[in-house]
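**Student:** Sequence:
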Amino acid sequence: MKAIERVPIVQQVANNLREFILSGEAKVGEKLPTEMELCQDMGVGRGTVREALRILQAEGFVEIMPGRGAFVARTEEADIDDIIHWFAKNEVELKDCFEVRSAIEPLSIKLAIERCTKADVAQIEKTHQSFLRAVKSGNAFEIAKYDERFHNQIIEKSYNKLLISINKRMSEFIQSFRGKTFQLQQNVLNAVEPHSNIMRALQQRNAQEGEQFMRDHIQRIIDDLELNIKQ
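Quick note, the numbering used here runs 30 ahead of the 1-based positions in the sequence shown.
Worth flagging that the hints you see were computed from the coordinates, not collected in a lab.
Because the structure is a prediction, the values reported are computed rather than measured.
Hints may be right or wrong, so weigh each one.
Said to hold, decoys possible - Label-pair ranges, simulated between beta-carbon atoms: (1) P96 - L192: 15 to 25 Å; (2) D112 - R80: 23 to 33 Å; (3) M66 - I252: 37 to 47 Å; (4) S53 - R80: 18 to 28 Å; (5) T64 - Q216: 33 to 43 Å; (6) A149 - R80: 40 to 50 Å; (7) L192 - A103: 12 to 22 Å; (8) M66 - A133: 36 to 46 Å; (9) E223 - L52: 31 to 41 Å; (10) R245 - I194: 14 to 24 Å; (11) S195 - E123: 18 to 28 Å; (12) D71 - L162: 17 to 27 Å.
As the list claims (entries may be wrong) - With a straight-line cut-off of 30 Å between C-alpha atoms, the simulated DSS-like cross-links for lysine-lysine are: (13) K140 - K61; (14) K119 - K156; (15) K156 - K61; (16) K166 - K156; (17) K148 - K198; (18) K260 - K125; (19) K125 - K148; (20) K148 - K191; (21) K198 - K166; (22) K119 - K140; (23) K198 - K156; (24) K166 - K125; (25) K198 - K61; (26) K119 - K198; (27) K140 - K198; (28) K140 - K57; (29) K260 - K61; (30) K57 - K119; (31) K166 - K191; (32) K198 - K125; (33) K148 - K166; (34) K260 - K166.
Using N, Cα and C, we set each Cβ at its ideal position, and we do this for glycine too.
Let's have the full structure, built from the sequences with the hints guiding it.
**Tutor:** Structure representation (structure tokens):
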């Protein structure tokens, strides 16, 4: 018999909202209840609702408009064709982001290796292990979450305020990309070895290797994107 799984409260809220959207009660373009209303309806905190909405945004079910709220983006489950269509539709913007990432992330890992503390390395290692567990479980949202955290922590540990600021400006768009790309199994597998290589370079304090591994990683993401679009 299978062990009983404990579903995190954020995932429960996301599941409830997803079921509501898929039920047909909501229409594309319709505004969802406010965060406060959702908190009251489900008896959870505002942070939990926000995280749940982020899950649905990454999955393409909702669109979050700052200052206006969350709106229904689609009312049916996505398939591979939907994901590929989104890649193609946003190809120019995605490539712009990756051009910037290919410049700032190799520099960030180099600076992180030169500047971070043992505690910093341990924190990134913890995230890396969570990423590997998510890959093993096949949970696309968890994979995307820990991939985002892994890259963000490396940039944060560069202790360069400008790099951190540039990364934050791109984060929302990249969140949507992560939520879709990690629904494709090959893209998930193509991230495991690069992350492990980068982690090893960080632990060994090898800035040159870390920089090269990160550059190769970003290029592989670009290659995967182009391959997906051509399918």
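**Student:** Give a verdict on every hint.
**Tutor:** Right, here's what the structure says about each hint:
{"no.": "1", "hint": "P96 - L192: 15 to 25 Å", "in the structure": "holds, 23 Å"}
{"no.": "2", "hint": "D112 - R80: 23 to 33 Å", "in the structure": "holds, 25 Å"}
{"no.": "3", "hint": "M66 - I252: 37 to 47 Å", "in the structure": "holds, 41 Å"}
{"no.": "4", "hint": "S53 - R80: 18 to 28 Å", "in the structure": "holds, 22 Å"}
{"no.": "5", "hint": "T64 - Q216: 33 to 43 Å", "in the structure": "holds, 39 Å"}
{"no.": "6", "hint": "A149 - R80: 40 to 50 Å", "in the structure": "violated, 28 Å"}
{"no.": "7", "hint": "L192 - A103: 12 to 22 Å", "in the structure": "violated, 33 Å"}
{"no.": "8", "hint": "M66 - A133: 36 to 46 Å", "in the structure": "holds, 41 Å"}
{"no.": "9", "hint": "E223 - L52: 31 to 41 Å", "in the structure": "holds, 35 Å"}
{"no.": "10", "hint": "R245 - I194: 14 to 24 Å", "in the structure": "holds, 20 Å"}
{"no.": "11", "hint": "S195 - E123: 18 to 28 Å", "in the structure": "holds, 19 Å"}
{"no.": "12", "hint": "D71 - L162: 17 to 27 Å", "in the structure": "violated, 36 Å"}
{"no.": "13", "hint": "K140 - K61", "in the structure": "violated, 44 Å"}
{"no.": "14", "hint": "K119 - K156", "in the structure": "violated, 35 Å"}
{"no.": "15", "hint": "K156 - K61", "in the structure": "violated, 38 Å"}
{"no.": "16", "hint": "K166 - K156", "in the structure": "holds, 16 Å"}
{"no.": "17", "hint": "K148 - K198", "in the structure": "holds, 25 Å"}
{"no.": "18", "hint": "K260 - K125", "in the structure": "holds, 15 Å"}
{"no.": "19", "hint": "K125 - K148", "in the structure": "violated, 34 Å"}
{"no.": "20", "hint": "K148 - K191", "in the structure": "holds, 21 Å"}
{"no.": "21", "hint": "K198 - K166", "in the structure": "holds, 28 Å"}
{"no.": "22", "hint": "K119 - K140", "in the structure": "violated, 33 Å"}
{"no.": "23", "hint": "K198 - K156", "in the structure": "holds, 22 Å"}
{"no.": "24", "hint": "K166 - K125", "in the structure": "holds, 29 Å"}
{"no.": "25", "hint": "K198 - K61", "in the structure": "holds, 26 Å"}
{"no.": "26", "hint": "K119 - K198", "in the structure": "holds, 23 Å"}
{"no.": "27", "hint": "K140 - K198", "in the structure": "holds, 19 Å"}
{"no.": "28", "hint": "K140 - K57", "in the structure": "violated, 47 Å"}
{"no.": "29", "hint": "K260 - K61", "in the structure": "violated, 34 Å"}
{"no.": "30", "hint": "K57 - K119", "in the structure": "holds, 22 Å"}
{"no.": "31", "hint": "K166 - K191", "in the structure": "violated, 34 Å"}
{"no.": "32", "hint": "K198 - K125", "in the structure": "holds, 17 Å"}
{"no.": "33", "hint": "K148 - K166", "in the structure": "holds, 27 Å"}
{"no.": "34", "hint": "K260 - K166", "in the structure": "holds, 28 Å"}
Checked against the numbered hints given earlier, the structure breaks hints 6, 7, 12, 13, 14, 15, 19, 22, 28, 29, 31 and satisfies all the rest.
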